[in-house]
Structures are given as structure tokens and as C-alpha cells.
Amino acid sequence: MKDKTCTTWPPGDGPAFDIAWTLFCTLHDAPSPERAEQLVRWLGVDPGHICALDDVLTLWALTGAALMKPALEEAAHEERRLQ
Numbered sequence: 000m001k002d003k004t005c006t007t008w009p010p011g012d013g014p015a016f017d018i019a020w021t022l023f024c025t026l027h028d029a030p031s032p033e034r035a036e037q038l039v040r041w042l043g044v045d046p047g048h049i050c051a052l053d054d055v056l057t058l059w060a061l062t063g064a065a066l067m068k069p070a071l072e073e074a075a076h077e078e079r080r081l082q
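Take the sequence shown: its position 44, counting from 1, is numbered 43 in numbering that gives the first Met the number 0, and each next residue is one higher.
Just so you know, these hints were derived from the structure itself, not from any lab. Treat the hints with care, as some may be off.
What the hints assert, rightly or not - Simulated DEER-style distance windows between Cβ atoms:
hint, residue 1, residue 2, range
1, R80, C24, 18 to 24 Å
2, L81, V39, 33 to 39 Å
3, E72, V44, 38 to 44 Å
4, Q82, G43, 51 to 57 Å
5, A70, Q37, 32 to 38 Å
6, Q37, P69, 43 to 49 Å
7, V44, L66, 29 to 35 Å
8, L58, E36, 34 to 40 Å
9, L81, C5, 44 to 50 Å
10, E73, G43, 41 to 47 Å
Please read these numbers as outputs of a predicted model, since none were measured by experiment. All residues carry an ideal CB built from backbone N, CA and C; glycine is no exception.
All chains, full assembly: derive it from the sequences and hints.
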């Protein structure tokens, strides 16, 4: 069961998601202790921020998987063709 502190519906909707997305992408693209600390401080302000970051990370992972699937299928096809 989802934590009761996660109240944004649909997931990914709202200003907390936008801030979480920005903080995560900034940290991902140019990691630094200062950016990590900024994210950690923001997460500590409101339990809903953790939910927003969870939504961001879920979207990030699903998007990566969706982008990888065609490449993996093509590689498997090429491997079968070469055998």
C-alpha cells in the first residue's frame, strides 16, 4: 500500500514533481556535493517531496527501459541472424 503522505494524483503532477525533476536532473548532469546536499535538504522539508522524487525516479527508470528495449531487440535479432 502506498504511503499516505503521497497525495499528488496523478503521480508526476504538481510543483513538487517539477522541483524534484529539476534537482535530480541537475545532480545527474553535473554531480557535486553541493547539489546532493540541496536535494537532501529539499527532501527533508516535506514527506511529499520524497514521493515526488520517487515519481521522478520511476519515470526516469521506465523511460530508460523503454529506450533500451528496441536496441536490445535489435541486438538479439542480429545475434540470431549471425548464428
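Structure-based check of all given hints:
1. R80 <-> C24: 18 to 24 Å: violated (38 Å)
2. L81 <-> V39: 33 to 39 Å: Given range 33 to 39 Å: violated, Cβ gap about 48 Å.
3. E72 <-> V44: 38 to 44 Å: holds (43 Å)
4. Q82 <-> G43: 51 to 57 Å: At 54 Å between Cβs, range holds.
5. A70 <-> Q37: 32 to 38 Å: holds (34 Å)
6. Q37 <-> P69: 43 to 49 Å: violated (35 Å)
7. V44 <-> L66: 29 to 35 Å: holds (32 Å)
8. L58 <-> E36: 34 to 40 Å: Given range 34 to 40 Å: violated, Cβ gap about 23 Å.
9. L81 <-> C5: 44 to 50 Å: holds (48 Å)
10. E73 <-> G43: 41 to 47 Å: With Cβ atoms ~44 Å apart, the hint holds.
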